Each structure stands twice: as C-alpha cells, then as structure tokens.
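Peer 1: Below, each chain spelled out in residue letters.
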Amino acid sequence: MTLAPNATSPISHIVTTSVDKNQPGRSAWKAVATPFQAVSRPLAITLSVLVWCAVIGGWFALTYSGAVKEMFLPRPESVLSTTIRMALDGSLWEHVLASVQVVLIGFVISSIVAVPLGLTMGTYRIVQAALDPLVNFIRYLPVTSFVPLFILWIGIGIEQRVAVIIFGIFFQQLVMIADSARSVQRDLVNAAYTLGTKRSDTVFHIVFPATLPNVLDVLRVTMGWAWTYLVVAELVAARSGLGYISLKAMRGFQVDVIFMAIAMIGILGLCTDQLFRGIRRLVAPWAN
Amino acid sequence: MDALTLATKPKSADIGVDNVALRYGTGDNAVLALDGISFHVAPNEFCVIVGPSGCGKSSLLYLIAGLEERTGGTIAVGGKPVTEPGPDRGMVFQAYTLFPWLTVAQNVEYGPKRKGMSTAERRAIVEHFLNEVGLAKFANHYPSQLSGGMKQRVAIARALANDPQVLLMDEPFGALDSQTRHSMQKLLLKIWDHSKKTVLFVTHDIDEAILLADRVLVMSGRPGQIKKEIRIGFSRPRSMDLVMEPNFIAMKREILELLKNDEDDEH
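Order-wise, the sequence lines are chains A and B. Residue 234 in numbering that gives the first Met the number 0 sits at position 235 of the first sequence, with consecutive numbering throughout. Residue 16 in numbering that gives the first Met the number 0 sits at position 17 of the second sequence, with consecutive numbering throughout.
Fair warning: there could be bad hints in the mix.
Stated by the list, open to error - Straight-line Cα separation of at most 35 Å, DSBU-like style, residue types lysine-lysine; simulated pairs: (1) B:259 - A:197; (2) B:10 - B:114; (3) B:79 - A:197; (4) B:195 - B:112; (5) A:197 - B:112; (6) B:195 - A:197; (7) B:10 - B:226; (8) B:112 - B:79; (9) B:189 - B:227; (10) B:114 - A:197; (11) B:251 - B:10; (12) B:189 - A:197; (13) B:189 - B:226; (14) B:185 - B:226; (15) B:189 - B:10; (16) B:79 - B:195; (17) B:136 - B:195; (18) B:112 - B:251; (19) B:79 - B:136; (20) A:197 - B:136; (21) B:114 - B:136; (22) B:185 - A:197; (23) B:10 - B:259; (24) B:251 - B:136.
These aren't lab readings, by the way, just hints derived from the structure by calculation. Remember, predicted model here, so these are calculated numbers, not experimental data.
Construct the complete structure from the given sequences, taking the supplied hints into account.
Peer 2: Dropping the structure here:
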C-alpha cells in the first residue's frame, strides 16, 4: 500500500491501453448482435419502415389472393377510402373528438388524485399500511364486471365512460407511483435532511422531483390503458365515439369502418405516447 | 459580498460523544453495534475514525448527524444535544447523493435556499464554493454528466455552502480510484485549511487517516468500541510523500497491529 509519486508514474502507460469498440476485424453482424449495442439512426428507421411494409404487404396479399373473404378482412384501399369519406363529411372527427374527450377527462381526474396520493403512499408507511390492502384488492377486480353496475348507478352518459376509465387506471397508477416513491435512494433523503430540509417538505422537495421521470412513464403507460377501457365502455353504452361506430359497423358488416376505428385509436395512442415522451424530455432533461 | 464573508467566516463547534450505544433488535436477537463510545472533537479539529468494515463507524456518524437514533448515551454538537438531523451538521456520504434533477450550481445552493437566502447571496456562495473545488466551469452540468470524483467534490461544496458547524464525512472517497482519491485528499486539506470547520472523517484506509488527521481514533468491531487514540503530529500543509517517512510507517504499523489484534480476538 504505497502511494505512486504522481499521475505519470512509469507504470501508468502499461496499464492504460483503452479498448476500442470499433476495432477492425469485428464484423457488422457481431456489432449488431451485441446486447445493448446502439444502432445507427438510418438503420433503425429503415428497419421500422420495412416491418410496416411487410405487415401492409401481407394485408394486400391476404385480401387480393382471395385467401380471406372481403367481408371479414377489407382491402387496404377500401379502409383508406372509408377514412377519407368519413373525414370529409365530418363524422370521423365527431367520433374522434367524443372519444378523446372521454379519455382525457378520465385520465386527468385519475392522475390528479393518483400522483399526489401515490407519492404520499410510497413515502409514508402509515398511509401505505392503511391503503395497500384495499388498493391491491380493487386493482385485481376486472373493470368489465363493473360496467353493468356503473350503468345502473350513473346511466349511459359520458359519466359512465369516464367512470370506467378512472376505475381501470386509477388503482394501477396509484400502485406504480407508490412503488417508484418507495425506491427513492434513502441517502438522498438523508442528504436533504442534513441540508436543512424539513420532514414535511420531503415529499415535495425530494420524492416528487426524484420520481418525476418514473411518474411520467407511469402516466404514459396508463394513458394507453385508458384507450383500452374507453373502447370497453363505448361498446356497451355510447351514442358516439370510435368504439361506438365499431359496434354499429359490425351490425352492418362494415368491416372497413371497424378497421378504420382501430387504426384511429392506434394513431391517437401513438400521438399521446410521443406527447408524453416530449414532456418528459422537457421537464426532466436530466434523466435522459 | 456579505454572503461570502458569512459563508467563509470560520464557524465551527465541538462534538461531544459520551458513552454512546447502538443496539439493533430486541431480546435474544439483539445486536450490539456500538458500545460505550466516548470521545471529544475540538472546534476546527480534523479527526479521523479508522476501523474495519462493519465495526459501526458509519453508524456512529449517522448517529451524530441525527439520521439514526442511538439507544444509549449522549451526543452534543456545540453543546447542543443531538435529537434530529439539522443543517448545523453537514454530511458527505459514501454513496453519490447529489440531487440528479438539479444542476451542480442548484445542488450547491440547495441548503442556502432552504435558509431563505436571496438569489444574490446564493450566487456569491455558489461561485465561491465551486471555485474552491475547481468546478466553476461545470455549474450548469447535471450530476449524471460528472465523474465520481467530481460528484464528491460538488457534494463537499454543497455541504460547506450550507455553512455547517461540523462536517461529517462517511468514507467519501471510498468509491474512487487511487489517483482521484489522492487529489481529493489534497483538495480536502486545502478546503479545510480555508474553512477551518470541525471535521469528523470515517475511513478504513489507514494511509488516508494518517495523512488527513490531527487525531486518529482506532475502532474495533462487534461491538464497535474506540480502541485507541493517536495524535498525528505532522506539520501542515502536508505532502502526499509523507507516506514514505519512517514516522508515518511506524504509525501505520501501530494501527495495523491494533486492527489485527481485533481480528485475532474474533477467531
């Protein structure tokens, strides 16, 4: 255990040969087959476009070859023309708006309560002890089984659909947010104490900012679930919305409309997902 | 400039530890982690506790910080009994504890902000302490963009910016490579010389202990007890070449011997 006299000791040049990840002789295949190895952006884009082309190509092949009857699987161009027709006559936007409205109201109400309550639950053992058993019981109850009850209680208006969404995501949000609050590094809180943070300020000054990226991820994921529960609610009781027109189209064998409704939900889901990723980059730039 | 003079004005207190015990669990499963620990650290003194891993030296520091509750004895800092954590006892942890959501400058001004200091005062404090640790250029970086040594330098700046009466350091350089560790030791001695805070530093590295300390407390394990107290008489400022001096080696041998006896007792 003797100290080296300085940083440029005679042995330092022997031990400091760096490993070059891009050394020649390492094949392209070996590079992409390495776990967690980054791929170039052009390659990533090319691959994702290829997969999309393959799926749509397969769709064309199935319909044009006559392997599947058009009554069950519409041709791609007829879905497109239906979409354009309904977009031009305005009926598409009416239903999209109705669905977006329900999802947003349900999601916002649920999140406004779940985020602070989840953080408190994860931070204070006493709150966890009180709520955990109940929350874990409720979150395993199938949402669909409550739909008849909600209809009985609050009718078939927008409130019913909002209630289904809240019931579907609230308890999941609560548990996941409480988990991320609980995993905040203990010495981070200790450091805050030694710097003069009051115990009552810990949730706001430490737990909230420390878990913010996780909280945003939870919101992003549960937003996707909200879309799922929306369709469940609309299939049962609604006068408008993308789930409602799917059900109506099924009765009239308009498979192209069903496909359009599904595609619209997919696109809207993709948009909200990107929106949340953008928000995360904006409010938690340190976590990238 | 008021803030600066306030922050650099020597303000340090003594630490009195009297017959402190720490017991985990109850009944037959109880483990006595610390037993009958008594010592005193004078204002401005640099005191180092050295001991084998698991001897409870970190726990002792957490007790003084008020982050853990002792099961016996008394602890007082500046004559005031310790009952809970407070900004009068700054701490630098072994783990990296910079707030990842704050920039380097925001981390350093965290304590002053809690005290309600104005933006201008805080800016002066941040500037002073980032200069002190040589990281003024990194004020707007996030901790994730810094190396381990830089993170600990910011952690020291953050603790000192809060103007504590004592600075508790829990193996702050334990996770660093030996080159970085040496430059951190030099830096710490320089900063301590400027601020003249009371420092209680915990380490398992004997070289580090002798190089830094006015006085070394050697601890034994299970239960943790202070085995011996050794005054380090080397003049300051100290050179890192001290490790090759015969006096230094003699002290090191003495401490090694004490720690070895401790191991023998166990087997």
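Peer 1: Against which earlier hints does the structure fall short, listed by number upward?
Peer 2: Result: hints 1, 18, 19, 23 and 24 break, sorted rising.
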